[in-house]
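Engineer: Construct all of the structure, not just a fragment, from the sequences and the given hints.
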Amino acid sequence: MSFVRPEAARAILRWRAVILSALVVLGGLWWAWASVGPIAWIGWVIAALGVGGILSALQRMRFHSGREGPGVVQVDEGAIAYFGPLTGGVVARSEITALALDRGMKPPHWVLSQPGQPDLMIPLTAAGADALFDSFASLPGIRTERMLTEMRRGGRDRVAIWQRAPSRQHALLH
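Take the sequence shown: its letter number 28 is residue 28 in our numbering, and every next letter is one higher.
Calculated from the structure, these hints are not laboratory results.
Cβ atoms here follow ideal geometry from the backbone N, Cα and C, with glycine treated the same way.
Please note that the accuracy of each hint is not assured.
To be verified - Label-pair restraints from in silico Cβ distances: (1) Val51 to Pro118: 39 to 49 Å; (2) Trp44 to Ala98: 36 to 46 Å; (3) Glu68 to Ser2: 21 to 31 Å; (4) Thr87 to Trp33: 36 to 46 Å; (5) Ser2 to Pro85: 28 to 38 Å; (6) Pro6 to Val72: 15 to 25 Å; (7) Ile39 to Arg146: 22 to 32 Å; (8) Arg156 to Thr87: 18 to 28 Å.
To be verified - With a straight-line Cα cutoff of 20 Å, these simulated SDA-like cross-link-like pairs (lysine to any residue) come out: (9) Lys106 to Ser56; (10) Lys106 to Pro70; (11) Lys106 to Val25; (12) Lys106 to Trp44; (13) Lys106 to Thr125; (14) Lys106 to Asp119; (15) Lys106 to Trp41; (16) Lys106 to Glu77; (17) Lys106 to Gly71; (18) Lys106 to Ala57; (19) Lys106 to Leu86; (20) Lys106 to Val72; (21) Lys106 to Gly50; (22) Lys106 to Gly155; (23) Lys106 to Leu148; (24) Lys106 to Ala127; (25) Lys106 to Gly53; (26) Lys106 to Arg67; (27) Lys106 to Ile46; (28) Lys106 to Asp130; (29) Lys106 to Thr87; (30) Lys106 to Arg158; (31) Lys106 to Asp157.
Structural biologist: What follows is the structure in structure tokens.
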């Protein structure tokens, strides 16, 4: 028997990273104010790390779109796999050449492009899709704030979120 309503438990779980980071900030501030000399600087560093944790946790919360969608996403050692009821596939994160958001589909889908392979379409609401945030954030030059804004914006179009810069290797060979 639980003494916490299910809605409250879900809210606490959703905000847990922000709450833990806020506790780190408070602990760091307490350490900074209760100490003197060089030891106080350690508290300020801990508080700054906590603020960074809060900002990161808030971005992750904005990326979350639910878990009720079709299929399952797995991210394992640089491979992004989607297993859906009708489609699926695997893309190597290092081989992704473009990332787009197709808002015309129900639910909206991530579109991952890779040379020589069909595009991998992943619903935003697929189970495990939250793990895509780290993979997308590690793409060189991606603007995560723009990605998060496009996720919340309405519309029925396909929006290019990121595209890999052309390789200079081909130019150097000629």
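Engineer: Take the hints in turn and mark each one as holding or not.
Structural biologist: Evaluated hints:
For the pair valine 51 and proline 118, the beta carbons lie near 42 Å from each other, so the given range of 39 to 49 Å is met. Distance hint check: the CB atoms of tryptophan 44 and alanine 98 are about 42 Å apart, consistent with the given range 36 to 46 Å. Between glutamate 68 and serine 2 the Cβ separation comes to about 22 Å, which falls inside the hinted range of 21 to 31 Å. At about 56 Å, the CB distance of threonine 87 to tryptophan 33 disagrees with the hint of 36 to 46 Å.
Distance hint for serine 2 and proline 85: a CB-CB separation of about 33 Å, consistent with the stated range 28 to 38 Å. Distance hint for proline 6 and valine 72: a CB-CB separation of about 23 Å, consistent with the stated range 15 to 25 Å. Taken as a hint, the range 22 to 32 Å is violated for the pair isoleucine 39 and arginine 146, whose Cβ atoms sit roughly 41 Å apart. Separated by about 20 Å at the C-beta atoms, arginine 156 and threonine 87 satisfy the suggested range of 18 to 28 Å.
Only pairs whose Cα atoms come within 20 Å are accepted, and lysine 106 paired with serine 56 is rejected, the gap being roughly 28 Å. The suggested pairing of lysine 106 with proline 70 holds, with an alpha-carbon distance near 10 Å, which does not exceed 20 Å. Between the alpha carbons of lysine 106 and valine 25 the distance comes to roughly 40 Å, so the proposed pair goes past 20 Å and is violated. Our distance criterion of 20 Å between C-alpha atoms is broken by lysine 106 and tryptophan 44, whose separation comes to about 46 Å.
Straight-line distance between C-alpha atoms of lysine 106 and threonine 125 comes to about 10 Å, which keeps the hinted pair within the 20 Å bound. Proximity of lysine 106 to aspartate 119 is assessed by CA-CA distance (about 17 Å); at most 20 Å being required, the pair is judged to hold. Our distance criterion of 20 Å between C-alpha atoms is broken by lysine 106 and tryptophan 41, whose separation comes to about 51 Å. The hinted pair formed by lysine 106 and glutamate 77 fails the criterion: a straight-line CA distance of about 29 Å is larger than 20 Å.
With a C-alpha separation of about 13 Å, the suggested pairing of lysine 106 with glycine 71 holds against the 20 Å cut-off. In summary, the hint linking lysine 106 to alanine 57 is not supported, as the alpha carbons are separated by about 27 Å, beyond the 20 Å threshold. Proposed proximity of lysine 106 and leucine 86 is supported: the alpha carbons are some 14 Å apart, at most 20 Å. Between lysine 106 and valine 72, the direct Cα distance comes to roughly 16 Å. Compliance with the 20 Å bound is thereby established for this hinted pair.
Of the supplied pair hints, the one linking lysine 106 and glycine 50 is violated, its CA atoms being roughly 37 Å apart against a limit of 20 Å. Between lysine 106 and glycine 155, the direct Cα distance comes to roughly 12 Å. Compliance with the 20 Å bound is thereby established for this hinted pair. At most 20 Å may separate the alpha-carbon atoms for a hinted pair to count; lysine 106 and leucine 148 meet this at roughly 18 Å. The straight-line distance between the Cα atoms of lysine 106 and alanine 127 is roughly 15 Å, inside the 20 Å bound, and the hint therefore holds.
At most 20 Å may separate the alpha-carbon atoms for a hinted pair to count; lysine 106 and glycine 53 exceed this at roughly 33 Å. Pair hint lysine 106 plus arginine 67 holds up; C-alpha atoms about 14 Å apart against a cutoff of 20 Å. As the CA atoms of lysine 106 and isoleucine 46 are separated by approximately 43 Å, the hinted pair breaks the 20 Å bound. With a CA separation close to 18 Å, the supplied pair lysine 106 and aspartate 130 stays within the 20 Å bound.
Restraint check for lysine 106 and threonine 87: satisfied, since their Cα atoms lie roughly 15 Å apart, inside the 20 Å limit. At most 20 Å may separate the alpha-carbon atoms for a hinted pair to count; lysine 106 and arginine 158 meet this at roughly 13 Å. A threshold of 20 Å between alpha carbons decides the hint, and for lysine 106 with aspartate 157 the separation of about 12 Å falls inside it, so the pair holds.
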